[in-house]
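Student: These are the residues of each chain, in order.
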Amino acid sequence: MYIEKLNLINFKNYEEADLQFSPNINIFLGDNGAGKTNLLDAIHCLSLTKSAFHSNESYNIKKHERFFSLLATFRKENKALTLQYDLQSGQKKVFRCNNVPYERITDHIGKFPVVLIAPYDTDVFREGSEERRKFFDAIFSQIDSHYLLQLISYNQLLKQRNALLKQFAESGRCDDILLESYNERLLPLNASIAGLRQKYLDQYIPYFMEHYQAIAEKREAPSLQYQSTVLSNHFEDQFRKNKSKDLVLQRTTLGVHRDDVEFKIDEVALKTFASQGQQKSFLIALKLAQFDLFRSALQTTPILLMDDIFDKLDDFRIGKLIQMVQEGRFGQVFITDARPERTEYFFQQLQREMRIFTIENGNVQEK
Amino acid sequence: MQFSSRLIEEAVGEVSKLPGIGKKTALRLVLHLLKESPDKTLRLSDALTNLRTNIRYCSCCHNISDTELCDICSSPRRDKQVICVVEDTRDVMAIENTHQYHGLYHVLGGVISPIERISPADLTIDSLLERIRNEQISEVILALSPTMEGDTTAFYLTRKMKEFPIKITTIARGIPMGGELEYTDELTLGRSIQARIQYES
Ligand SMILES: Nc1ncnc2c1ncn2[C@@H]1O[C@H](COP(=O)(O)OP(=O)(O)OP(=O)(O)O)[C@@H](O)[C@H]1O
Ligand SMILES: [Mg+2]
Ligand SMILES: [Zn+2]
Chain A
1 MYIEKLNLIN
11 FKNYEEADLQ
21 FSPNINIFLG
31 DNGAGKTNLL
41 DAIHCLSLTK
51 SAFHSNESYN
61 IKKHERFFSL
71 LATFRKENKA
81 LTLQYDLQSG
91 QKKVFRCNNV
101 PYERITDHIG
111 KFPVVLIAPY
121 DTDVFREGSE
131 ERRKFFDAIF
141 SQIDSHYLLQ
151 LISYNQLLKQ
161 RNALLKQFAE
171 SGRCDDILLE
181 SYNERLLPLN
191 ASIAGLRQKY
201 LDQYIPYFME
211 HYQAIAEKRE
221 APSLQYQSTV
231 LSNHFEDQFR
241 KNKSKDLVLQ
251 RTTLGVHRDD
261 VEFKIDEVAL
271 KTFASQGQQK
281 SFLIALKLAQ
291 FDLFRSALQT
301 TPILLMDDIF
311 DKLDDFRIGK
321 LIQMVQEGRF
331 GQVFITDARP
341 ERTEYFFQQL
351 QREMRIFTIE
361 NGNVQEK
Chain B
1001 MQFSSRLIEE
1011 AVGEVSKLPG
1021 IGKKTALRLV
1031 LHLLKESPDK
1041 TLRLSDALTN
1051 LRTNIRYCSC
1061 CHNISDTELC
1071 DICSSPRRDK
1081 QVICVVEDTR
1091 DVMAIENTHQ
1101 YHGLYHVLGG
1111 VISPIERISP
1121 ADLTIDSLLE
1131 RIRNEQISEV
1141 ILALSPTMEG
1151 DTTAFYLTRK
1161 MKEFPIKITT
1171 IARGIPMGGE
1181 LEYTDELTLG
1191 RSIQARIQYE
1201 S
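Residue numbers (our numbering), protein chains in the order written: chain A, 1 to 367; chain B, 1001 to 1201.
Here chain B stands alone, though its shape is the one from the complex (with noise of 0.2 Å):
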């Protein structure tokens, strides 16, 4: 692609560097953008810097939060008992939206994958065991993708939890194959949770 500014080209480049972002479509935001009002992109700006700068995680389950501490894990009406472990912020945003579960989270932060070089040491791994040596936890709901790495790292996570006296759950399978939570309709993902069973490997 041949740019008439410099300018042009070095934002396109960047918006280009967005997942799902190819240059045609960055060349057509980037001069939408220049056609609104200056104090639009001024605004967008800022709050991309603001989320960079000020962005912070839940220091108990990993979750993206403004606080120390989440609002779901201050909350004083959440059993503090359960824990749903998930891989990302966006799992625990679909499972909220079923309004059918009352519990914590634990954000892992992606899947075991070797191939990719994510080891268990790359995860939230042992602060999860922490949570559940230290407080009184007596339920962890295996909420990841049903997708290989899904499995392997559920396989993974109950035998690391094994030595603990709690029960293991993983949500029912109504979650087709392959098929990411995020991706499944709220209806099945909210039975799911109520009718988990026992970890099986």
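Only chain A is shown next, with the shape it has when bound in the complex (with noise of 0.2 Å):
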């Protein structure tokens, strides 16, 4: 699969623009605050109907205009689809797919597949075990529709029960039935989503391995371990019976959005020993693993994006990449830099067609 064509309306610090991409290698250069990134993004927007860096959808309109639209054309096993995503402040998104708008925009989830690497991935071994579970959320949710649905249950669920327990809470009384009542469907939802983390993180882990494996410069032992309550045999008796700490913590203490996934080197957690270069393997084989995952579960090869890689990565690691971009390994690539000289050093002796955009201010001129 791959983007031919790219209009953009209004899009951050865009007016206009009308871009025509390469199936292979595609380079956007230019200056800091260009507009690079924001080209990445609207590609982003099209494949996850938002964006990869704030949630807050009218920040993608560019400032003092009330509306952005973006228009692509995607190849996908040989035949044309356009893709519409339309936002009028105050209003909701209208996404449409050859000009039918979504009913349901979870529909769209998984079908046009991006994988970005982008500069504040780290938070993902950096912050909490939330950051962690949203990372493999949105992999596993794209996957897997009947996931994704199932977490946005889960979640409303979880909503309504803490609201509960907070209202027990200040009243002094608890309405047993009426608790039992949410205990009884997130018990199996609890009970189907662990399985199906567990279940997508066994399919997951031996590609993050064989990947860490080949940018590694060292010899090391990476590991990626599943960690969840709701496993054990005696979860759902322990959900009960954490009832009276609910009630005084007022939120729900045991369940899958505790859920945690441990990064490890050589059995120490990444995140306090690790070095810099560790955790830059570790980052890129978290994303390619995602890239062999998503193109093995969906039959189809997902977009790859790749943000201000050379600025965080050596020329040891950015070799392996440029080896397997050369080897064919990934199908159509976006790459930004700011350093025009530098791309060209890496990218001369490839044998692949490639198009290259300079950005200016908003502005795009094919090289």
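Please keep in mind that the hints were generated in silico from the structure rather than gathered at the bench.
Just so we're clear, the structure is a prediction, and the values are computed from it rather than from any experiment.
Stretch-level coverage of chain A by chain B, calculated; a stretch enters the list once three of its residues show a Cβ under 8 Å from a Cβ in chain B: (1) 150 to 161; (2) 174 to 183.
The following residues of chain A were derived to be distant from chain B, with all beta-carbon distances above 12 Å: (3) Asp31; (4) Ser51; (5) His54; (6) Lys63; (7) Glu220; (8) Tyr226; (9) Phe235; (10) Leu249; (11) Arg295; (12) Thr301; (13) Lys312; (14) Glu327; (15) Gly328; (16) Phe330; (17) Lys367.
We put the beta carbon where it would ideally sit given N, CA and C, even for glycine.
Make one complex out of these two single chains by using the hints.
Tutor: Here it is, written out as structure tokens:
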């Protein structure tokens, strides 16, 4: 799958732009603040119906304007498909595929997969467990829409149960039958979500290991370990036993919303001791494993977006990535760089078709 | 929006509080009324005032009614052993339109949702239990929206009714997920009421 044409109107710092892409390699060059990352985000928006950088959609509308519109032609299994994403300030977004608006936006997720490697990504091991759950939930939701729907139901039920606990705490009275009405629905969802997380991690981890070994300079043993109280045999009992604790804390203390995935290298937690280089290798391996999982589960090659990787990575790891591009491991690739001579240096030996775009203050010109 | 008259501004302000109506539409409606003959507007405002001051709810099923006991509850032709539990008046209308159901109703007035501070006490649940206790009821049909809140409410009600020797059923789900009863077409709804199934949690 690849994106053929992209038209932007009032998207971030673009007033209007028309781009035609190569199915292979596309490079965006331009100074800091020119709008390179914004173009990657436009593609991200079309894939996932939301920005990679912030959850407030109206931030994507160009300053002083009232709407934005993204229109793209994708090619998938030799068929041309148009995607259109319109947002008017103060209104709900409209997302169309071949001119037909989706009834449920979630129906779009996973149909046009992209993988983005971007600088801020280190949150996934620097921050708490929530970032890691978000990271893996985003991946699994794209390969299994059922997983996404279960997650949405779970979060909704959890919000209701927590609101209920709060009201019980305030009034000093607990309606056990009502609480049980939520438990009865949360318990099977817990089991099912944890089961799916385990299943997809089992598919994901081998890809991760393979990429880590290929990218790391030294021989070391990384590991990813799913941690969940839900998979224990006593989960249901424990969940009900925690009622009094839940009432005191006014929130649900057990469940998949507390899960984590532990990142380690040679048995040591990544965030405490790993070197910068190890963290970089870890990050790329996580992303490339996502790429491979998407390709096998969705049976379509995702688009790869690489934002400022030359800044973040050393020559050795960049070399590895370029080698993979050269070998045709990826389909369509988008790369940004603020320093043209550096990109030229890395890509001059490459025997593949590419298109280079120079960007200046929201204006695009093909080189 | 800048108005040339405070009277218009006031009217637009009130009309635009209605669901699904923005300031622009409200202004169009208000100007439309002004163009029509004065008694049309007065009839509308009379109808609304009347509705507001004289509206009553059936003392038995809580459906909107002009009388103490609604037409359905007082009809000798209805099967008084079966109660169909719904969220609001629109659901009663939708089910009545199918002509497939001849029992009574019970209008809950919503579904349980702690986030919106709607608790069982805000609904007519106690009155439903009272009816089951005091009348000869053989079956209760749960016809709530297949949303998360509707399902939780159905579960809660089943638990509360467990002590009574009645059959609890739910309408068969031809109804799309997340859809509301009101929007389901009559044929599907009629069929799902006939093909109701034993409630399982
Ligand atoms: N809604 C918006 N309206 C107008 N301009 C915006 C909007 N959102 C972002 N921008 C502008 O876009 C520019 C950033 O673009 P972008 O992040 O794509 O730059 P970049 O080319 O990737 O730069 P760098 O090399 O620093 O990563 C900023 O100047 C920012 O002010
Ligand atoms: Mg950038
Ligand atoms: Zn009645």
